[in-house]
Each structure stands twice: as C-alpha cells, then as structure tokens.
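*Asks:* So the chains spell out like this:
Number of protein chains: 2
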Amino acid sequence: MKKETGMGVPAIIPFKPGNPKTRLSCVLSLEEREAFARAMLCDVVDAVCRAGCSPRVVSTALFAFPRCPVEVVPHGLNETLNEILSVTDGPVLIIMADLPLADAASIGRVVTSSRDIAVVPGRGGGTNAIYLTRGNSFRVDYYGASFLKHRRIAEERGLSCEVVDTFRLHTDVDEKEDLVELLIHGEGMSRQFLVDHGFELSVEKGRVGVTRRSPARQV
Amino acid sequence: MKKETGMGVPAIIPFKPGNPKTRLSCVLSLEEREAFARAMLCDVVDAVCRAGCSPRVVSTALFAFPRCPVEVVPHGLNETLNEILSVTDGPVLIIMADLPLADAASIGRVVTSSRDIAVVPGRGGGTNAIYLTRGNSFRVDYYGASFLKHRRIAEERGLSCEVVDTFRLHTDVDEKEDLVELLIHGEGMSRQFLVDHGFELSVEKGRVGVTRRSPARQV
Chain P
0 MKKETGMGVP AIIPFKPGNP KTRLSCVLSL EEREAFARAM LCDVVDAVCR AGCSPRVVST
60 ALFAFPRCPV EVVPHGLNET LNEILSVTDG PVLIIMADLP LADAASIGRV VTSSRDIAVV
120 PGRGGGTNAI YLTRGNSFRV DYYGASFLKH RRIAEERGLS CEVVDTFRLH TDVDEKEDLV
180 ELLIHGEGMS RQFLVDHGFE LSVEKGRVGV TRRSPARQV
Chain B
0 MKKETGMGVP AIIPFKPGNP KTRLSCVLSL EEREAFARAM LCDVVDAVCR AGCSPRVVST
60 ALFAFPRCPV EVVPHGLNET LNEILSVTDG PVLIIMADLP LADAASIGRV VTSSRDIAVV
120 PGRGGGTNAI YLTRGNSFRV DYYGASFLKH RRIAEERGLS CEVVDTFRLH TDVDEKEDLV
180 ELLIHGEGMS RQFLVDHGFE LSVEKGRVGV TRRSPARQV
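Taken in sequence, the protein lines are chains P and B. Under numbering that gives the first Met the number 0, the first residue of the first sequence carries the number 0, and numbering increases by one thereafter. Under numbering that gives the first Met the number 0, the first residue of the second sequence carries the number 0, and numbering increases by one thereafter.
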C-alpha cells in the first residue's frame, strides 16, 4: 500500500564535523571545508523537514548547530547506526549529510515507498539514503560498495527492496567536479557558500568545470 | 493533464559510430569502443521501445544496426536535431545513446510529463534527454552547459519546463569511473560487454573502481 507522506518519520543524519571532505582540500581550506560541510548539512536538514520528516543529527563530536537536535556518538558509522536501528520498531530514514541537492520531492519518494526497504545508491556504489519500514529489521554495512551489500542484506532477510531513481539524492559532493552539480542544481545554503567564496562555472573545450576567483586560503 | 503513456512518441537517438568514447581509450581499444558504443545504443533502443516510444537512430555515418531504422545525416548535432524539430508538429523525445542505465520507468516519467518540455540533466551540465510536447516549439543547443541553455530557451519561449529527477538517465558513460555505475546498475548488453571483456568492480581504500583482468588491446 502506498503511503501518502513521510510525516514524522525520524531521519537520522550522520555527521563528522572535524576535517570533513578532505578531497576538496585542493579548493577549500580546512576552515572552509568545515563551514561548507555544515552548509550541506543545513540543506539536508531543511529538505528532510520539508518532506515532513524529523531530523536527528548524529555527530562524532560536538559542534554548534542551532537548526535541530544533535546527538554526539563518538563511534564508527556502522556501529552507531546499527545501535539506533536495534531499538527502532517503526519507520526510519538514514540519509547522508553531503547531499545538498536533496529536496522534499526526492526524499518524499523514498519515505513513501511501499516496500520494506528503499535505497538510493550514491555515485561509485555507495548508499546515500535508506528507508526502513521497521528499523530493527535491518542492519547497515557502509563503506565500499555498500549499495550492493545493502541489497544483499535485504535479500537475505527476505525484505522487499525498492531502488529509488533520483539524481538529486544520488549526487554526493566529495570532489571538485561535484561542485559543478551543486552550482547548477543547488538552491540552498551550500550553493550560496560556493557563490560567496568565488566559485563559478567554467566551460573549456565543451566541458563544464568550476573555477574559483579568489584562491583557497591554506590553513 | 498527466498523460498515461509515451505510446508511439518518436525517440530521436543521435549516434556517432566512428571513434566514439575517446575518454575510454585508457581501457578499451578503438574496435572495442565502437562495439561498446553500439551495445549502449542497443540498451537505449530497447529501453525506449519498452517505454512505448518508437526509436529513430540518426547517425553521422552508415553502420550495421539490425535493431531499428538508422538515418544517416552527416551534419553537426544541433543542426541535425533542429532540422528534425522544425518539421515535427507533435511530441518528440531526444535521448542520448550513451545512457545504458535507461529503463522503461525513467523514460516513461519523461514522456508523460504534463509540461511543454521535460529535461533530464546529464552529469557536468549536459542534457541527456529532452521531451517536447510540440517539437517545432523548441530548438536545441547542445555542448557546454546545455542543461542551463535549454532551460533558458524554454523560458524565453514561454514554455513550461519540468526537470526529471532520475539518476538512470543522468548517468552518461564517458570515463572509466562511469563504468562502475554500469557494472552496478546495468542490466543490458553494454554491461554484458564489460563482463565479457574482463571488467569487474574493485574496492581499494573503501573506494569502488573497475579493473580489467585482460589488458586493453591497443589498436
């Protein structure tokens, strides 16, 4: 049966505030990367709220974040999430913090899935979002080709699984090339961060990239 | 008003049979790239047919392709497509030939759009698919950040525009890294081509890539 909304579904958003997004070091200083990661987190939290879910940030360390409750759990990603899932009878969404193109429509498609589990693959075989009708029916196994692992776990447990086809949640921002997608399709704080810091689209030999007017400060 | 199917909508698929996908030269010989590009074309044609559309391949040169009619137009991409659009009163889909993750569902979402135009952005600002309710209401302008250009053209012409959120049509295969997506999410001939030619997923330091058991023959 198709559900109509994701109203009130808890949305777990894992976050690592210290030295994030190291692959962006070529264009952003440490301080800037930390601010940019928080701007992306804000965009995800906003989208989650607009989709009717209740955000719950689970961070490896304390940091200032006025937008929603932050819980500090200084453990590994899998350990932290599986502990939460083990005590979650009802529906739950796990969504990554580096998906600044997330919007209410794409999240809505995930949390209204009629299957036991809905998964959104990330680029390169990762898992960007998982929705579970019953949290404690599943355990996560991130890192590496986690999308394939998660599909296999669902199969082993006899859970019906939907793969949700959305580029907005498929696009995780890790590398300089990914900033192109954010400049083109973004609408929130993290896109504004890039604009404020001098990033713009460039076209060379027909290929689109990003350039930065002011060089990255090295910290 | 939401249309139910894309039944009979012509689907123009531009194709360049000679020396395609040069950015895959690091892992595929010229002969292999030509065979691989045709395998991807087959996957797109099959998906288009399953979505109820009528494929029409428009090629820059003659080549053997038993699956559907091929029309040879040895002109530039924009020139060729705009000539076709100018004599097309009804609905038409333009879809690229390097989208081997295309499936009936994603194409169906495009050709049942209730707007004047529906666009699927490619990675890096390109345009992977455009659906037009009336072909002659529009002109295309590919290359560079064509997604932004196409949105602008729609706006200038007062056409309502939908951006369709699908990673299956967003994922164009140009580079070695893109083969990861095809190995993970593909189901057709081009994925089989990779498997038959010794490609497999590899995980190093948590990142997923592809390796080839037998080295590419250099031609």
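I should point out that these hints are in silico values taken from the structure, not numbers from a laboratory. Any given hint could be a false lead.
Intra- or inter-copy, both count: the list cannot distinguish identical chains.
For lysine to aspartate or glutamate, the following DMTMM-like pairs were computed, each having C-alpha atoms within a straight-line distance of at most 25 angstroms [what the hints assert, rightly or not]:
| no. | residue 1 | residue 2 |
| --- | --- | --- |
| 1 | K204 | D173 |
| 2 | K204 | D177 |
| 3 | K204 | E176 |
| 4 | K20 | D88 |
| 5 | K15 | E155 |
| 6 | K15 | E154 |
| 7 | K20 | D115 |
| 8 | K175 | E70 |
| 9 | K15 | D102 |
| 10 | K204 | E186 |
| 11 | K15 | E161 |
| 12 | K148 | E186 |
| 13 | K148 | D88 |
| 14 | K204 | E161 |
| 15 | K148 | E199 |
| 16 | K175 | E154 |
| 17 | K204 | E174 |
| 18 | K20 | E174 |
| 19 | K148 | E31 |
| 20 | K204 | E70 |
| 21 | K175 | D115 |
| 22 | K175 | E82 |
| 23 | K148 | E30 |
*Asks:* Each hint needs a verdict: does it hold in this structure or not?
*Replies:* A quick look at each hint next to the structure:
no., hint, in the structure
1, K204 to D173, "both (24 angstroms within a copy, 15 angstroms between copies)"
2, K204 to D177, "both (19 angstroms within a copy, 20 angstroms between copies)"
3, K204 to E176, "both (16 angstroms within a copy, 20 angstroms between copies)"
4, K20 to D88, "neither (33 angstroms within a copy, 49 angstroms between copies)"
5, K15 to E155, "neither (31 angstroms within a copy, 44 angstroms between copies)"
6, K15 to E154, "neither (30 angstroms within a copy, 41 angstroms between copies)"
7, K20 to D115, "neither (32 angstroms within a copy, 40 angstroms between copies)"
8, K175 to E70, "neither (30 angstroms within a copy, 40 angstroms between copies)"
9, K15 to D102, "within (22 angstroms within a copy, 36 angstroms between copies)"
10, K204 to E186, "neither (27 angstroms within a copy, 33 angstroms between copies)"
11, K15 to E161, "neither (28 angstroms within a copy, 35 angstroms between copies)"
12, K148 to E186, "between (32 angstroms within a copy, 18 angstroms between copies)"
13, K148 to D88, "within (22 angstroms within a copy, 48 angstroms between copies)"
14, K204 to E161, "neither (39 angstroms within a copy, 28 angstroms between copies)"
15, K148 to E199, "between (37 angstroms within a copy, 16 angstroms between copies)"
16, K175 to E154, "neither (36 angstroms within a copy, 30 angstroms between copies)"
17, K204 to E174, "both (21 angstroms within a copy, 16 angstroms between copies)"
18, K20 to E174, "both (8 angstroms within a copy, 23 angstroms between copies)"
19, K148 to E31, "neither (33 angstroms within a copy, 31 angstroms between copies)"
20, K204 to E70, "neither (47 angstroms within a copy, 28 angstroms between copies)"
21, K175 to D115, "neither (36 angstroms within a copy, 34 angstroms between copies)"
22, K175 to E82, "neither (34 angstroms within a copy, 37 angstroms between copies)"
23, K148 to E30, "neither (34 angstroms within a copy, 35 angstroms between copies)"
Hints 4, 5, 6, 7, 8, 10, 11, 14, 16, 19, 20, 21, 22, 23 from the list above are not met by this structure, while the remaining hints are.
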